[in-house]
Amino acid sequence: MTDTHTDTRTHTPAPSAPSAELRAALSEAGLNARVTVPDADAESPVRVTLLSPTDARQLARLIRTGTKRTLKAARALREICEGYRIDLPGLRVEQGRITLGPIRIDDAARLARLLDAVPQATEQPSTTADATTVKALLDHAFPQATGGGTLSVSVRENAPNLLDLGSIDARTARRLIRALQF
Numbered sequence: 026m027t028d029t030h031t032d033t034r035t036h037t038p039a040p041s042a043p044s045a046e047l048r049a050a051l052s053e054a055g056l057n058a059r060v061t062v063p064d065a066d067a068e069s070p071v072r073v074t075l076l077s078p079t080d081a082r083q084l085a086r087l088i089r090t091g092t093k094r095t096l097k098a099a100r101a102l103r104e105i106c107e108g109y110r111i112d113l114p115g116l117r118v119e120q121g122r123i124t125l126g127p128i129r130i131d132d133a134a135r136l137a138r139l140l141d142a143v144p145q146a147t148e149q150p151s152t153t154a155d156a157t158t159v160k161a162l163l164d165h166a167f168p169q170a171t172g173g174g175t176l177s178v179s180v181r182e183n184a185p186n187l188l189d190l191g192s193i194d195a196r197t198a199r200r201l202i203r204a205l206q207f
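Here the numbering used here runs 25 ahead of the position in the sequence shown, where the first position is 1.
A portion of the hints provided could be inaccurate.
To be verified - Now the in silico label distances, taken between C-beta atoms and shown as ranges:
{"#": "1", "residue 1": "LEU96", "residue 2": "ASP164", "range": "23 to 33 Å"}
{"#": "2", "residue 1": "ARG110", "residue 2": "THR158", "range": "15 to 25 Å"}
{"#": "3", "residue 1": "LYS93", "residue 2": "ALA49", "range": "14 to 24 Å"}
{"#": "4", "residue 1": "GLU119", "residue 2": "ALA81", "range": "17 to 27 Å"}
Keep in mind the hints are simulated off the structure, nothing from the lab. Glycine included, each C-beta is placed from N, C-alpha and C at the ideal position.
Please put together the full structure from these sequences, using the hints given.
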């Protein structure tokens, strides 16, 4: 008896090299740039040749379009925090995420209260709070207010009146904005 079943193996294509991915994206966008990798190693830095001014402008537009939602969320978050007198001087978009940066303890405590970490009437905004307590309040309130979003909060050892807030994605930022609007 002859077995007519053929042993077929599914072949999963290897992920494309970063240089090939970039080369394809630039080509799809109609941009003229040569992409090279100095070494054959897939983890080697990728080099892009000089772009014409027109292509450079187009690439900048494409990047801004791709990050538009994140930039818009960062701007809205800055505006709503300014409205509540919460100073986030380090708020910026970095690598596709919104970094909140350093925050004074009293501003962090105000943010925690706005996120319902403590009853609004128990403390006045100017009340001095302990950094560890405020960190714990934000660690508890932030995920609840943002539907599970996470934010790293750390106490600065060398600056006891500051906390460091990590970064969030645009979706979590929009949830935070909605939580602060009510």
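Evaluated hints:
For LEU96 and ASP164, the hinted distance range of 23 to 33 Å is satisfied, since their beta carbons lie about 27 Å from each other. A hinted range of 15 to 25 Å holds for the C-beta pair ARG110 and THR158, which are about 20 Å apart. Between LYS93 and ALA49 the C-beta distance comes to about 22 Å, which sits within the given range of 14 to 24 Å. Checking the proposed 17 to 27 Å range against GLU119 and ALA81 shows it holds: the Cβ atoms sit about 21 Å from each other.
Figure legend: structure checked against the earlier numbered hints; every hint is met.
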